[in-house]
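Engineer: Chain by chain, the residues:
2 protein chains.
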Amino acid sequence: MKSRRKFIQTLTVAGAAATLPINLIAEQMEKQKMIHQVFFWLKDGVDVSDFMKEAAVLGKCKTVDKFYMGTPAPTEARNVVDHSYQVACTLFFKSIEDQNVYQTDPDHLKFIERNSNKWSAVKVYDFVI
Amino acid sequence: MKSRRKFIQTLTVAGAAATLPINLIAEQMEKQKMIHQVFFWLKDGVDVSDFMKEAAVLGKCKTVDKFYMGTPAPTEARNVVDHSYQVACTLFFKSIEDQNVYQTDPDHLKFIERNSNKWSAVKVYDFVI
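Just so you know, the protein sequences line up as chains A and B, in that order. Heads up, the first sequence is in the UniProt record's numbering, so the first residue is 1 and it goes up one at a time. Heads up, the second sequence is in the UniProt record's numbering, so the first residue is 1 and it goes up one at a time.
Take the hints with a grain of salt, since some may be wrong.
Computed list of lysine-lysine pairs in DSBU-like fashion (alpha-carbon distance at most 30 angstroms, straight line) [as the list claims (entries may be wrong)]:
#, chain 1, residue 1, chain 2, residue 2
1, A, Lys62, B, Lys66
2, A, Lys31, B, Lys53
3, B, Lys62, A, Lys33
4, A, Lys31, B, Lys123
5, B, Lys123, A, Lys94
6, B, Lys33, A, Lys62
7, B, Lys31, A, Lys31
8, A, Lys33, B, Lys123
9, B, Lys62, A, Lys62
10, B, Lys118, A, Lys43
11, A, Lys53, B, Lys66
12, A, Lys60, B, Lys43
13, A, Lys123, B, Lys94
14, A, Lys53, B, Lys60
15, A, Lys110, B, Lys118
16, A, Lys118, B, Lys62
17, A, Lys53, B, Lys43
18, A, Lys66, B, Lys62
19, B, Lys31, A, Lys94
20, B, Lys118, A, Lys62
21, B, Lys33, A, Lys123
22, B, Lys66, A, Lys94
23, B, Lys62, A, Lys43
24, A, Lys94, A, Lys53
25, A, Lys118, B, Lys53
26, B, Lys60, A, Lys31
27, A, Lys118, B, Lys118
28, A, Lys33, B, Lys94
29, A, Lys123, B, Lys118
30, B, Lys33, A, Lys43
31, A, Lys118, B, Lys33
Label pairs and their computed distance ranges (CB to CB) [what the hints assert, rightly or not]:
#, chain 1, residue 1, chain 2, residue 2, range
32, B, Lys43, A, Lys53, 16 to 26 angstroms
33, B, Lys43, A, Val124, 23 to 33 angstroms
34, B, Lys110, A, Ala121, 35 to 45 angstroms
35, A, Lys94, B, Asn117, 31 to 41 angstroms
36, B, Asp65, A, Pro74, 35 to 45 angstroms
37, A, Ala56, B, Lys43, 17 to 27 angstroms
38, A, Gly59, B, Pro74, 46 to 56 angstroms
39, B, Leu109, A, Ser49, 36 to 46 angstroms
No lab work stands behind these hints: they were computed from the structure. Quick reminder that beta carbons are idealized off the backbone N, C-alpha and C, glycines included.
Next comes chain A alone, as it looks inside the complex (with noise of 0.2 angstroms):
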């Protein structure tokens, strides 16, 4: 009986132990603030104003934590520079999580549902910092 009783201890410490660090690795990864930048190529006769009041809907979705949108500014054309895409969106997020959460959320769907035709490419750089 002894000896049943030391072996359910024991299992009970190596469950809490095996479970512990995923636990503190989800609550880290959760914690980690990151920025989700996206380029916009909008195809020929596209309104760019009309697609950023399109766009603005996204700095809504509930998960985002600051929005900036923008366009190319005039600066120097230098080769490392890319000035070519029409509108740039910055949005940043208290977790990873949340830019997940972000992904499925109805307006971010809806917007994409409503102007995907518009762009020719997209290009997405997803960053902890």
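Using the hints, position chain B against chain A.
Structural biologist: Relative to the frame of chain A, chain B by itself:
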């Protein structure tokens, strides 16, 4: 004499009309907030943490308003997402002029001189927000 005075008056008004918009445009441009977004692809064997310590100086350049540095986030691997770079830097400027000054900031130039042998590619996106 009256017609000469009228002529001078007309010239003055025309002159003001011609110069005013240029001043306004210049003022407007100076006030345009912008993001200078940089991605670095480091050569094999370059230590990312060491490189980030070096790159941190970029945020100290005097015309930089806000500075964020990061590494690719473990978000979903989709066709549109580029996770292939090693380091991302997001620099906010209060004006296009401030970004132009940053390009020749001694600390920025020193960073390039000390570290340009560490990257195989750099990509920059400049956009007004």
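Engineer: Look at each hint and say if it fits the structure.
Structural biologist: For each hint, the structure was consulted:
no.	hint	in the structure
1	A:Lys62 to B:Lys66	holds (24 angstroms)
2	A:Lys31 to B:Lys53	holds (22 angstroms)
3	B:Lys62 to A:Lys33	holds (25 angstroms)
4	A:Lys31 to B:Lys123	holds (28 angstroms)
5	B:Lys123 to A:Lys94	holds (25 angstroms)
6	B:Lys33 to A:Lys62	holds (25 angstroms)
7	B:Lys31 to A:Lys31	violated (34 angstroms)
8	A:Lys33 to B:Lys123	holds (22 angstroms)
9	B:Lys62 to A:Lys62	violated (34 angstroms)
10	B:Lys118 to A:Lys43	violated (37 angstroms)
11	A:Lys53 to B:Lys66	holds (26 angstroms)
12	A:Lys60 to B:Lys43	violated (39 angstroms)
13	A:Lys123 to B:Lys94	holds (25 angstroms)
14	A:Lys53 to B:Lys60	violated (35 angstroms)
15	A:Lys110 to B:Lys118	violated (43 angstroms)
16	A:Lys118 to B:Lys62	violated (40 angstroms)
17	A:Lys53 to B:Lys43	violated (40 angstroms)
18	A:Lys66 to B:Lys62	holds (24 angstroms)
19	B:Lys31 to A:Lys94	holds (29 angstroms)
20	B:Lys118 to A:Lys62	violated (40 angstroms)
21	B:Lys33 to A:Lys123	holds (22 angstroms)
22	B:Lys66 to A:Lys94	holds (17 angstroms)
23	B:Lys62 to A:Lys43	violated (39 angstroms)
24	A:Lys94 to A:Lys53	holds (25 angstroms)
25	A:Lys118 to B:Lys53	violated (41 angstroms)
26	B:Lys60 to A:Lys31	holds (25 angstroms)
27	A:Lys118 to B:Lys118	violated (39 angstroms)
28	A:Lys33 to B:Lys94	holds (23 angstroms)
29	A:Lys123 to B:Lys118	holds (25 angstroms)
30	B:Lys33 to A:Lys43	holds (26 angstroms)
31	A:Lys118 to B:Lys33	holds (27 angstroms)
32	B:Lys43 to A:Lys53: 16 to 26 angstroms	violated (43 angstroms)
33	B:Lys43 to A:Val124: 23 to 33 angstroms	holds (24 angstroms)
34	B:Lys110 to A:Ala121: 35 to 45 angstroms	holds (36 angstroms)
35	A:Lys94 to B:Asn117: 31 to 41 angstroms	holds (36 angstroms)
36	B:Asp65 to A:Pro74: 35 to 45 angstroms	violated (18 angstroms)
37	A:Ala56 to B:Lys43: 17 to 27 angstroms	violated (40 angstroms)
38	A:Gly59 to B:Pro74: 46 to 56 angstroms	violated (24 angstroms)
39	B:Leu109 to A:Ser49: 36 to 46 angstroms	holds (38 angstroms)
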